[in-house]
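**Q** Taken in order, these protein sequences are the chains called A and B. For what it's worth, my numbering labels the leading residue of the first sequence as 1, then goes sequentially. For what it's worth, my numbering labels the leading residue of the second sequence as 1, then goes sequentially.
Hints are supplied without guarantee of correctness; some may be wrong.
To be verified - Covered stretches of chain B, as calculated for chain A (at least 3 residues, CB under 8 Å):
id, segment
1, 61-75
2, 93-103
3, 113-122
No lab work stands behind these hints, which were simulated from the structure alone. The beta-carbon is built from N, C-alpha and C at its ideal position, and this holds for glycine as well.
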Amino acid sequence: MSARALINVPRKAKRGEVIEIKTLISHIMETGFRHGTTGELIPRDIITSFTCKYNGEEIFATQLYPAIAANPFVTFHTVATESGTLAFHWIGDNGFEMTEEAKIAVE
Amino acid sequence: MYRLIITRREVLKTSGAIALGAALPGQANALGQMETAIRRVIGEAEIRKGKVTLDLPPLVENGNTVPLTVIVDSPMTKADHVKAIHVFNEKNPQPNVVSMQLGPRAGKAHVSTRVRLAGTQTLTAIAEMSDGTYWSDSQEVIVTLAACLEDLI
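Could you build the full structure based on these sequences and the hints that come with them?
**A** Okay, structure coming up:
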């Protein structure tokens, strides 16, 4: 399954600066509470977990529920400690998995 | 003596109640479903008002996507930081909205996302601090077009 993810991380930051990270991933987030045109229940298909690792160390984790809107948008903050990679990982129903990376230069 | 004749009115009343119960799963026990969910996540700990700011628009037209921001007043140091933020709702089919884990590396306890709301209701955000205390804030949102429960077009 493929999805499109948008990540917004500042390319450069000063050491110790608090930076904002914005993430958006395309996903239907089917709640599992809706009925189709013939009355059958549409099975749940959501992203259940999202994590962010900064140079391998987990800095942020989220559990998502059907109450999260389609195309989950999550923003959070972190301290720019060192140059490196931010890895974003989404896991969902029906084996959904997606990884995205962003580089940051800290001076 | 028992009355053996069932009136038309009684039949309508019972079937109406059954239909209503079937049509709105989760709404029958709406009162208390949030409280139960909160207790399931945080246990019996005392929850105090304050420190947390739950920011939601007071009136939304479309419950399918409602911006939600939680800010917690915390220095975010190793000794004193926010460990987790949980958000709950009253009237959606499921009381949990989102749970987030953060730590001293966050620098700032400020998170946001977009949620679905099945009708006018109150949301509660709870922050779990590193010292084991819990703080909360609640906000009422008026929703014109509810999410989740409508059928596909």
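**Q** Decide, hint by hint, whether the structure agrees.
**A** To see whether the hints hold, each was checked on the structure:
no.: 1; hint: 61-75; result: holds (count 3)
no.: 2; hint: 93-103; result: holds (count 10)
no.: 3; hint: 113-122; result: holds (count 5)
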